[in-house]
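Take a look at the letters that make up each chain.
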Amino acid sequence: MSMQAKQTEQSFDLALFTRKYGILMILVFMIVFLLIASPTFRTLQNTINVLNQISINGIIAIGMTFIIISGGIDLSIGSMIAVASVVTGAVLAANPGNVVFAVVLAAVACGLIGLFNGYIISKFDMFPFVVTLGTQLIFRGAAYVISDGKSYVLTSNAFKEIGQGKLLGAIPYSIIVLISIAFIGFVLLSRTKYGQYVYAIGGNLHTAVASGVNVFKIKLLTYMMMGIFTGIAGVILTSRVNAGQPSIGVGYELDAIAAVVIGGSSLNGGIGTIPGTVIGILMIGVINNGMNLMGVSSFYQQIVKGFIILGAVILDIMISRRKSK
Amino acid sequence: MSNLESAFLLEMMGITKQFPGTLALDDVQLQVRCGEVHALMGENGAGKSTLMKIAAGQLKADRGEVLFDGKPVCFENPAEAIDAGVSMIYQELNPILHMTIAENIFLNREPTRFRGLLVDRKKMNQEAAAILKKYGMNISPQVKMIELTIAQMQMVEIIKAVTFNAKIVIMDEPTSSLDADETENLFRTIAELKERGISIIYISHRMEEIARICDRVTVFRDGRYIGTREISEINRPALIKMMVGRELSDVFDKVPVRQGEVVLKVEGLTRNGVFQEISFEVRAGEILGFAGLVGAGRSEIMKSIFGLDPYDSGEIIWCGKPLTIRSTAEAIDHGIAMVTEDRKKYGLVLCRSLYENIGLPNLKKQQRRLFINHKANNAKISEYAKKLSVKASSLSVEAVSLSGGNQQKVILAKWMMASPKLMILDEPTRGIDIGAKHEIYKLMCQFAAEGMAIIMISSEMEEVIGMSDRILVVHEGRLNGQFHRSEICEGINLQEMILNKALGGDK
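Residue numbers (the working numbering), protein chains in the order written: chain G, 3 to 327; chain P, 61 to 567.
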């Protein structure tokens with residue numbers, strides 16, 4: 003009997019292992035494959051390039067992880083980026099020296115936008131999908147109103163440094179921002195009461211309420227944080243293109259959601275981790291980079307990415323089915 | 061031997077099923093005769109549901125043989141089982157709520173016109189109406205499922221099963237959400253089905269029901285087959301002994317406790333249209349029972365006190381001081397805890413670990429403002445889980461993997477850790493096996509002895525009478541009578557008197 007118990011325990015651990023590290027293993031295989039197949043992939047410079055390319059999507063995906071674990075979704079990311087972009091643009095157009103003020107104002111503006119999303123969603127108990135589907139129009143429109151439909155061409159060299167500059171001439175600042183935000187996100191989600199409440203709300207809203215969790219406050223905080231992170235990402239993007247544009251950022255929410263889902267978060271809420279999302283972000287980055295290096299056309303790249311997202315979701319369903327049996 | 065075999069409609073022999081981490085079924089057997097009502101009993105986790113899922117084609121056995129009508133079968137999916145004549149009525153019904161009764165009954169077999177192109181609604185509704193009438197359901201087939209009571213939904217499921225030539229119907233705790241009348245109605249239907257030669261496998265924890273309607277009983281324990289008996293030849297203690305492997309001398313080990321100060325006093329509490337003028341008090345160390353029919357408003361009263369629902373007027377006096385409760389957070393801060401009736405909806409976050417579930421209402425009390433001291437926290441949680449003897453391979457497992465009794469203990473652990481002054485228990489033993497029930501009763505006595513005030517809502521008369529110091533009866537949102545333990549002990553027929561009050565008698 004004890005023998006049998008031991009055996010079953012072992013097989014259980016294996017199942018747990020695949021569940022926890024399945025996506026990581028796929029990522030490792032991909033990296034190993036590229037290391038062998040592509041000489042360029044091996045270079046340090048390419049690694050930095052990959053990280054630099056994923057940094058904007060990565061910052062957003064960290065915020066999106068909280069939103070999705072809490073059982074929500076935010077489709078207004080692209081429009082928030084546009085708001086961040088035109089706010090920075092407007093401030094810098096008036097006075098190119100006001101870089102700090104521009105950046106802070108962009109982050110605060112997006113934080114307030116997130117707060118607005120969170121307020122509507124939790125106050126009226128509405129579906130986040132529907133609310134943010136509506137608010138993304140509002141925010142995109144606002145971006146056009148602020149800029150009067152025009153682009154601000156930016157001349158500030160200091161501002162250019164944010165998205166294009168490198169620490170010690172080697173590590174792009176945006177990578178450092180991504181790593182910092184990922185770390186903050188990790189600590190918040192796994193080490194704080196707030197993080198526990200986010201899991202509880204997404205896992206079972208009723209139980210969270212019946213356990214005395216202030217659901218309203220937690221949701222507001224989560225959507226506000228999403229806004230602030232998006233504001234930061236928007237500033238970096240604006241700095242890279244060197245222009246404040248109201249049309250910028252379309253579709254960014256979907257890339258972030260993809261990274262979160264590939265990273266093992268459940269769209270039903272209650273399940274997900276920051277390390278998982280980081281793996282999801284890396285995966286998308288490595289796929290893009292790898293396919294570029296192998297000379298795959300960008301049309302096919304989209305198709306491949308789509309299949310990978312489907313694969314991640316199917317894997318998730320298969321695992322949860324096996325668990326429930 | 062072949063003669064004997066033909067007497068059985070369903071025969072499952074040597075069934076073994078292994079799940080990751082547990083051996084759910086270990087070489088078990090079940091033989092169901094034609095036209096009998098066969099009870100399947102055992103504690104939660106004994107393997108009843110697993111075996112039934114195998115019979116209904118939801119799961120496949122690792123080993124063993126299933127004979128249906130004398131022929132070996134192996135159902136690949138529920139559809140094959142239904143086609144062969146095996147239908148299962150689930151404990152948690154899952155009809156398509158926004159479709160009509162007729163649409164649900166004829167789901168996947170809609171009568172059609174134009175060679176299957178269009179659904180013949182008229183014919184479907186007519187046929188459904190005829191079927192409903194046959195089973196004494198006085199309701200239009202065009203009513204949507206969502207408007208039905210649980211009992212009616214269940215009836216529709218049963219009708220659906222037998223209309224399509226089910227030879228055997230499996231019912232998993234069919235009466236758990238039904239009131240007395242609805243239960244009677246179900247029993248009548250079962251008798252009718254039996255007369256038509258349909259076999260029924262009946263899973264239930266309720267001894268009275270088994271004794272009344274079943275012919276034979278098969279008992280499982282820990283995934284093993286214990287035995288099969290004729291109902292007429294076995295008495296209740298013997299059956300309990302088969303199930304738990306030991307004798308439970310007295311299910312309710314009520315320990316008298318000296319009562320302390322009044323903890324909660326409620327005066328004229330009213331929620332318009334739900335309950336009116338509710339006044340009572342409960343003391344430290346007292347177990348106050350709330351009896352009444354399902355839907356009388358007992359849970360609603362408690363939800364208002366706990367801050368889950370609002371109330372319109374009246375006063376709540378907490379430890380001598382008036383108190384307004386606007387949210388559950390306030391109630392918990394003051395020392396009120398509530399174990400709600402619906403464990404899965406209000407009690408647990410099923411996809412998270414036991415650590416997280418038990419810790420959830422207790423994080424606020426931690427010293428650090430923002431961060432969680434996981435090590436200290438988990439140590440404390442383990443202590444409470446141990447105190448309430450939660451059985452799990454580890455506290456890191458998800459709550460969904462536990463049996464009903466253990467889930468309930470997790471919820472009790474979470475609230476015990478909050479060290480409340482008042483614990484409200486709404487149907488604390490519903491759907492829980494007899495061994496776990498016994499443990500929960502013991503815990504209740506222990507809580508009371510530690511000076512906690514306990515309010516217990518229960519629809520099981522024996523439980524209310526066995527555990528309460530005082531019983532209040534609720535009828536249609538109003539208090540209608542009170543009984544003391546002294547009366548309980550006098551041995552008068554309290555059950556009848558309470559039921560009389562619950563039905564609105566002596567007003």
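Since the hints were made in silico from the structure, they are not lab data. Among the hints, a few may not be true.
[Claimed, not checked] Here are some chain P residues the structure puts well away from chain G; computed CB gaps all over 12 Å:
hint, residue
1, Glu136
2, Leu178
3, Tyr195
4, Ala240
5, Lys254
6, Leu368
7, Lys424
8, Gln426
9, Lys440
[As the list claims (entries may be wrong)] On the chain P side, residues computed to face chain G include the following (Cβ under 10 Å):
hint, residue
10, Gly367
11, Cys379
12, Lys381
13, Pro382
14, Ser387
15, Gly407
16, Asn417
17, Gly419
18, Leu420
19, Ile432
20, Lys474
21, Arg490
Beta carbons: idealized from backbone N, C-alpha and C, even for Gly.
Do the hints match the structure? See the list:
Listed as a non-interface residue, glutamate 136 (chain P) keeps its Cβ farther than 12 Å from every Cβ of chain G; the least gap is roughly 15 Å. Distance to chain G confirms leucine 178 (chain P) as a non-interface residue, since its nearest Cβ pair spans about 33 Å, more than 12 Å. Against chain G, the non-interface label of tyrosine 195 (chain P) holds: every CB pair exceeds 12 Å, the least being about 33 Å. A cut-off of 12 Å between C-beta atoms confirms that alanine 240 (chain P) is not in contact with chain G; the least separation is 28 Å.
The non-interface label for lysine 254 (chain P) is consistent with chain G: the shortest C-beta to C-beta separation is roughly 33 Å, beyond 12 Å. Annotated as non-interface, leucine 368 (chain P) brings its C-beta within 12 Å of a C-beta of chain G; the closest such distance is 6 Å. Not every beta carbon of chain G lies more than 12 Å from that of lysine 424 (chain P), the smallest distance being close to 7 Å; the non-interface claim is violated. The beta carbon of glutamine 426 (chain P) sits about 7 Å from the closest Cβ of chain G, which is not more than 12 Å, so the claim that it is off the interface is violated.
Non-interface status of lysine 440 (chain P) relative to chain G is upheld: no Cβ of that chain comes within 12 Å, the nearest being about 15 Å off. Satisfaction of the interface hint for glycine 367 (chain P) is found here, the shortest Cβ-Cβ separation to chain G being roughly 8 Å, below the 10 Å cut-off. Taken as an interface hint, cysteine 379 (chain P) does not check out: its beta carbon lies about 19 Å from the nearest beta carbon of chain G, beyond 10 Å. Residue-level restraint check for lysine 381 (chain P) is violated (minimum Cβ-Cβ distance to chain G is 20 Å; threshold 10 Å).
Taking 10 Å as the C-beta cut-off, the interface hint given for proline 382 (chain P) is violated, the closest approach to chain G being about 21 Å. Hint on serine 387 (chain P) holds. Least Cβ distance to chain G is approximately 8 Å, under the 10 Å limit. A least Cβ separation of about 6 Å between glycine 407 (chain P) and chain G falls short of the 10 Å threshold, and the interface hint therefore holds. Residue-level restraint check for asparagine 417 (chain P) holds (minimum Cβ-Cβ distance to chain G is 8 Å; threshold 10 Å).
Interface restraint check: glycine 419 (chain P) against chain G, minimum CB-CB distance 7 Å, threshold 10 Å, status holds. Satisfaction of the interface hint for leucine 420 (chain P) is found here, the shortest Cβ-Cβ separation to chain G being roughly 5 Å, below the 10 Å cut-off. A cut of 10 Å between beta carbons decides the hint on isoleucine 432 (chain P): the least distance to chain G is about 6 Å, and the hint holds. Nearest Cβ of chain G to the Cβ of lysine 474 (chain P): about 7 Å, under the 10 Å cut. The hint holds.
With a cut of 10 Å, the hint placing arginine 490 (chain P) at the interface with chain G is violated, because the nearest CB-to-CB distance is about 17 Å.
Violated hints for the displayed structure, listed by number in ascending order: 6, 7, 8, 11, 12, 13 and 21.
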